[in-house]
Amino acid sequence: MYVPASNWFIAASLVMALILNFLPLQGDILIFRPDFVAIAIAYWNINHPHKMGMSVAFGMGLMMDVGNAGILGQHALAYCVIVYLTLIFGRRLRLFNSMQQAPQVGLILLIMQIVIVLVATSGGSALPDGQYFLAAVSGTLLWAPGSFLLSMLLKQKSDPDAL
Amino acid sequence: METAPQFFRHGPGPFARLFVFALLSCLLIAGDVRFKYFPQLRQAIGVIIFPLQKIAYIPANIYDQVEEFIASFYLLEENVKLRLLYLENREQLLKLHSLEAENIHLRQLLGAVQQIENKTRTKTVLAEILYTPRDPFNHKITLNKGSQHHIQLGQAVIDDKGIVGQITQLYPWSSEVTLLTDRDHSVPVQVVRNSLRSVVSGTGKNDQLEVRYLSVNTDIQKGDQLVTSGIGGVYPPGIPVATVLRIERDPTGDFAQIISTPVAGVDRNRQVLILSLIQPESHDALEMPKIESGKN
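As given, the protein sequences belong to chains A and B, one line each in that order.
Okay, so the first sequence: first residue is 266 according to my numbering, each after it adds one.
Okay, so the second sequence: first residue is 0 according to my numbering, each after it adds one.
Keep in mind the hints are simulated off the structure, nothing from the lab.
It cannot be assumed that every hint is accurate.
Some, not all, of what chain A presents toward chain B, calculated at C-beta under 8 Å [stated by the list, open to error]: (1) 287; (2) 291; (3) 323; (4) 327; (5) 335; (6) 338; (7) 353.
Keep in mind the model is a prediction, meaning the values are calculated, not measured.
Think of the CB as a built atom: it goes at the ideal place given N, C-alpha and C, for glycine as much as any other residue.
For reference, chain B alone in the conformation it holds in the complex:
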């Protein structure tokens, strides 16, 4: 082949090329999985593909508008329904207000700080889901709000029923949310019935969460409601997270195996709310929201 005239352009053979690129991807994979290198590369690619994601969202937008148009015929009916719902909610809200007032009053009596006031005041931003991953490995969604919309890392994401997840990657115009069901995601929770505190972690399966590190004889029952405890400073307290589905108490083990299902439609929504806690910045510097902060 040394003297053969160059009729055809030949690079290295397919296998050599595959070898080089496989090596390169293995480096990337190892760097990404083990050490979380290359955040800049991810950012840059994220900016490049954003217009494509935006274009891909156009059909969904059109669908929404058509749906809205059709829904406009049923406005009166819906209005009546919503008014009833509003009255119902209003009643509960009034109850909540009186409870809050009572709580503040009692706390003042006890000499406690007006903590509840600071902790429960939140601001919400409505975001639309740009993309849900195609494979079952990563429990993440991409939202259409990013650092340009003053979204910050670690903010909680909820839907109308409960916690959906937490923002773990920021791009200028979009952001990634790690869902509750992700293997690496934990939320500090509390059982509503007896305010038992624990941590609920994702299992990597859809609609399955695990309550870890509760001993075999813990007072927890099937159907118990789990809400955020507010410890860790990432999630505001009192937002529903999960319902206990089943409990396996193996007397030989140290911990009970408690499986629960998320309350929120973790994989069903089109729109979600991004919550930001409005807190005095000064003494919360230590509890900067981070994904591992729920783990103990």
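Here chain A stands alone, though its shape is the one from the complex:
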């Protein structure tokens, strides 16, 4: 069932994702830390295309870059690529349930990480080891529960029986 999403709800979810990204984690968990903002952006663009434009993704990316103390524009570009890919493949992805979507979204997250690596290496950094891409795996694992949670919240918020 398609439930329309309000702009406020989308904004709140994105801010929440940003806070989750900013959690001060340390040590080995860092490797597995999924990019919550990327997942949120992918979710909204697959399930509610054209509600959240590329400019929002760009802005989120800039915030991520500053918070991450990285190259300005790195995450911005990566998130725009996510929006592009999800807009292109969104119609196809919506045919599947979230469990089946997960590996395909994982591929999109992997492409995003490759974009980030390309930007970093162009800035002179060395290539990271394979562990770095585990974040795409954790993002894939998070996709089904994450999209379930978001759709539940959305349904609850705009329950037609409540009227």
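Got chain A; can you put chain B on it based on the hints?
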């Protein structure tokens, strides 16, 4: 499509939009990497995201408090341990005091200025790590103290064991520290054993530093302690930086390849100390702390 009624709102296609934004980000990336443009943009975004970082820190705060609560049951034991540690340190401190006095005395005999007095007096500010980057490319951490807490660019950051890094970006309520392990970061050091001076630089890898520009036949050994030499005016002298891990002396090359590991837990701490050298401002204007100042 010219006469089709506007049922749907259509902007430019996804590819056109991606193209525009990709161009924009490429401009930003190039400007940021090559020329360090857009400091104001960074500042503005830094202020915007600060509340979010603060909120993200709440769980860590709660964790700290719970930990403190649990630790309060073991206070007596800890007290005894700390008292022993204090006595041990006290002894060393006394030794240090006598050494310092002796040093000053000898310097006076030599007619030297009382340099040591000025150089070693430092003030410290305790800061908590707000954020560690998620990717392995930037060796930086964000601290919860900024220009509002009188932190300045270029101040050294240490933990209980040694140098962690240097403050390279200031926001009003937070600051960024470039870690020792960053590729662009160098520290002037001295070997404790024979006071050989050199520069140690980050390699971009965790726990690996490189001692550069020492010739093949230099007297440096595995296990040598490297401490800051104080040259350059950024770091106070005598703070541990690294231990030499391995040395490759290739007779065909000009320089020995010396790999060392940082002493401080560069990527492990929750709290760090920000050091500020209290120096007479007048004749230090030339040595304004800057990240490149350690490079030669």
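Hints, one by one, checked against the model:
Proximity of residue 287 of chain A to chain B holds as hinted, the smallest CB-CB distance being about 4 Å (cut-off 8 Å). For the restraint placing residue 291 of chain A at the interface with chain B, the shortest Cβ-Cβ distance is roughly 6 Å, inside the 8 Å limit, so the hint holds. Taking 8 Å as the C-beta cut-off, the interface hint given for residue 323 of chain A holds, the closest approach to chain B being about 5 Å. For the restraint placing residue 327 of chain A at the interface with chain B, the shortest Cβ-Cβ distance is roughly 6 Å, inside the 8 Å limit, so the hint holds.
The interface hint given for residue 335 of chain A holds, since its Cβ lies 5 Å from the closest Cβ of chain B, which is under the 8 Å cut-off. For residue 338 of chain A, the interface hint holds, the least distance from its beta-carbon to any beta-carbon of chain B being 3 Å, beneath 8 Å. Checking residue 353 of chain A against chain B by beta carbon gives a least distance of about 6 Å; that is within 8 Å, so the hint holds.
Every hint, counting from the list given before, is met by this structure.
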